[in-house]
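Residue numbers (the working numbering), protein chains in the order written: chain A, 1 to 389; chain B, 1 to 327.
Rather than coming from a laboratory, the hints here were simulated on the basis of the structure. Hints should not be assumed to be uniformly reliable.
Output of the computed footprint for chain A on chain B, the stretches with three or more beta carbons under 8 angstroms from beta carbons of chain A [as the list claims (entries may be wrong)]: (1) 37 to 49; (2) 58 to 68; (3) 82 to 93; (4) 127 to 134.
No residue lacks a Cβ here, since even glycine has one placed at the ideal position from N, Cα and C.
So the chains spell out like this:
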Amino acid sequence: MDERFARILARVPAYASEMRRLEDILLTNLVMVAEIPSPTFGERRRVEWVLDRLSQYRLERCSTDEGGNALGILPGRTGERNILLVAHLDTPVDDNLDHTVMLQPGSVSGVGLADNSLGVAALVTLPLALNALGVELESNLILMGSTRALGRGDLAGTRFFLNNTDLQIDSGLCLEGVRLGRLSYASIGMLRGIISYRLPDEYDWTRFGAGGAIVSMNDIITRILEIPLPRRPRTAIVFSSIEGGGPGSKVPTHAELQIEVRSDSGDIVEDLHRRISNIAHEVASLAGAEAEFEVIARRRPGGLEFSHPLPERARDILTALELPPRISPSTAELSAFVDRGIPAIRLGLTSSEDLDEAHERLDIEPIAVGMAQVVGLLEAIDQGCCDHE
Amino acid sequence: MSKTNGWLNSNTFHHAEFRDLQRLVDEKERLGLTISLCIPTLNEEATIGKEVVVFRSELQQRYPLLDEIAVIDSGSSDRTLEIAAAFGADTYLASEILPHLEPKRGKGENLWKAIYQLRGDIIVYIDADIKNIHPRFVYGLVAPLVYRPEVKYVKAFYDRPLAAGGGVRPTGGGRVTEILIRPLFSLFFPELSLIIQPLSGEYAVRREVLEAIPFPIGYGVETSHLLDVYTRWGLEAFAQTDLDQRVHFNQPTLSLGRMSFAIMQTFLSRAESLGVVGGLPELNRVLRQFQAREDEYEAVEFAFTEDERPPMIEVAEYRTKRSTSNG
Numbered sequence: 001m002d003e004r005f006a007r008i009l010a011r012v013p014a015y016a017s018e019m020r021r022l023e024d025i026l027l028t029n030l031v032m033v034a035e036i037p038s039p040t041f042g043e044r045r046r047v048e049w050v051l052d053r054l055s056q057y058r059l060e061r062c063s064t065d066e067g068g069n070a071l072g073i074l075p076g077r078t079g080e081r082n083i084l085l086v087a088h089l090d091t092p093v094d095d096n097l098d099h100t101v102m103l104q105p106g107s108v109s110g111v112g113l114a115d116n117s118l119g120v121a122a123l124v125t126l127p128l129a130l131n132a133l134g135v136e137l138e139s140n141l142i143l144m145g146s147t148r149a150l151g152r153g154d155l156a157g158t159r160f161f162l163n164n165t166d167l168q169i170d171s172g173l174c175l176e177g178v179r180l181g182r183l184s185y186a187s188i189g190m191l192r193g194i195i196s197y198r199l200p201d202e203y204d205w206t207r208f209g210a211g212g213a214i215v216s217m218n219d220i221i222t223r224i225l226e227i228p229l230p231r232r233p234r235t236a237i238v239f240s241s242i243e244g245g246g247p248g249s250k251v252p253t254h255a256e257l258q259i260e261v262r263s264d265s266g267d268i269v270e271d272l273h274r275r276i277s278n279i280a281h282e283v284a285s286l287a288g289a290e291a292e293f294e295v296i297a298r299r300r301p302g303g304l305e306f307s308h309p310l311p312e313r314a315r316d317i318l319t320a321l322e323l324p325p326r327i328s329p330s331t332a333e334l335s336a337f338v339d340r341g342i343p344a345i346r347l348g349l350t351s352s353e354d355l356d357e358a359h360e361r362l363d364i365e366p367i368a369v370g371m372a373q374v375v376g377l378l379e380a381i382d383q384g385c386c387d388h389e
Numbered sequence: 001m002s003k004t005n006g007w008l009n010s011n012t013f014h015h016a017e018f019r020d021l022q023r024l025v026d027e028k029e030r031l032g033l034t035i036s037l038c039i040p041t042l043n044e045e046a047t048i049g050k051e052v053v054v055f056r057s058e059l060q061q062r063y064p065l066l067d068e069i070a071v072i073d074s075g076s077s078d079r080t081l082e083i084a085a086a087f088g089a090d091t092y093l094a095s096e097i098l099p100h101l102e103p104k105r106g107k108g109e110n111l112w113k114a115i116y117q118l119r120g121d122i123i124v125y126i127d128a129d130i131k132n133i134h135p136r137f138v139y140g141l142v143a144p145l146v147y148r149p150e151v152k153y154v155k156a157f158y159d160r161p162l163a164a165g166g167g168v169r170p171t172g173g174g175r176v177t178e179i180l181i182r183p184l185f186s187l188f189f190p191e192l193s194l195i196i197q198p199l200s201g202e203y204a205v206r207r208e209v210l211e212a213i214p215f216p217i218g219y220g221v222e223t224s225h226l227l228d229v230y231t232r233w234g235l236e237a238f239a240q241t242d243l244d245q246r247v248h249f250n251q252p253t254l255s256l257g258r259m260s261f262a263i264m265q266t267f268l269s270r271a272e273s274l275g276v277v278g279g280l281p282e283l284n285r286v287l288r289q290f291q292a293r294e295d296e297y298e299a300v301e302f303a304f305t306e307d308e309r310p311p312m313i314e315v316a317e318y319r320t321k322r323s324t325s326n327g
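Use the sequences and the hints to build the structure in full.
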């Protein structure tokens, strides 16, 4: 093993102890950011908060880009490399939900903590962590709170930055609240879309089989479930949500189904896209209705090999922290890096007992270990320990 | 410029004016001031943990503005004190401070006993039920006392008027403020109607003022403070700071009725002793409210006598403690 990396591995467990001293500051950042509602396309207040925080911590060039992302730079000693650290600012919860955070000994609960208020809190606390640990990087560290990552946002913030920055980004780290120990360095192919089914206003209800939009949407689902899926490459179809009808006894004229296709093969994703679209149109045409399959997000499969030094070093660091690494593919921020061929990895920060959307509860104690993992991996990247031979 | 506009312009602040915390800490240290935070509680386990963590990390660890953070509890049946202590606050039961005194239960009792227990030259009181807690709730109130020696009492308010004269949008005093307190102040103490949220539970006060005024133990404490400080030190002793939005749990109307009843008692009692109103009959101390039960209206009666603690300076143990600590 590289001597430089062996030294990093030896000191990472001590980082975890040191990080516990910063626990109050990290929790403060978590409470403050988590209580700011931040639905996708509505992240402005969180952007302001992140910029305020990064400025207080004396980062340079704290600003937003035209993609709405919040950015700050911690300049390295030589600045020969640029490492981008990203946490997405949007949460998958309505802004009218109660965002109050409850802090108890050992745990913190509230909405949107795992996805991704804790990632944002860790991002803005990192400059203090590096300072407390006496870690000075050679590389420039670019911290970015990204906008429009989820759902219809389709990673627009991160994509915008990577497509438009004049900095050459050498590596990326994506921070997510959960789960500590989980590593993602490859993106699966994914297509997320909404099937809309609508009966025209002048619809003839006397025609044979007229049953309304919900019945027809049920037919569409049944037909999609009949599509044979291969075991290899791994492929799945996920029905995410369904909406239709309204109050009273009126026959529904409109229904919507959100659906996600995932596969290790990009060709299979495209094939399923075509088949599902055909099914929707066929069922609609039989009933004299209209159907549309609108694609709201896409991911191309790709990423790093298991044997690439970046995931390998990440696994070693987790092992040094006595955490078994768990590998899982990602459809999140990582995909934006994959698309541009930039080595990147996604890290989780803590464990969770309850991930119910309306009341998440995260464990506080492992967060220090999660932060130690981030600092260790940053050092490894910075010192060239994760470069491909 | 009228006196009222002059006071509004010179003594009304926005918390953002004080965001340079290092400068504030430097000035505090130059003046040799000590500052204590008191959080009065009764069953606040849902919010107390984060309040303590936020204030401790931002206003003690990063910027040493606060010399102590104390939770003074009325006897919670939940884990309020345990959680507050776990996150690093000093915790006290109000009944264990000056324990030989007959115990009284109410927020005012906790605030009054904080004067004895805490050591700060300035005490800042923050309610424990704030949902969107932020360090500004403390530094926004403390800063006018640090920078302006003539200011003695700083109140919070939470909705910023667009201008200090005409053409303003309605500001966010609570329902009791707008329906009861503001009309009363306008009738009898017009200058006090300049205080935008007279009932807000967040304020910072110099010890020399706190120890010299009596404390109603219940809902009347804020009203009483305003009247006593005003009559003794005048409007110039006050300042107020806009803390932007404060999110908290709304109280039902019947509770506000009981609150108003207690405040009226305090107000009338003070107004009479100041000679502002005279010839009051003996006041009835029972409030009758109604609640519907199926097709019937049921009368519910609440007996309230707003009890009061004397100025702390009149308590012998306090004088002894202060003379010892000062000597």
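Hints, one by one, checked against the model:
{"no.": "1", "hint": "37 to 49", "in the structure": "holds (count 4)"}
{"no.": "2", "hint": "58 to 68", "in the structure": "holds (count 3)"}
{"no.": "3", "hint": "82 to 93", "in the structure": "holds (count 5)"}
{"no.": "4", "hint": "127 to 134", "in the structure": "holds (count 4)"}
Every hint, counting from the list given before, is met by this structure.
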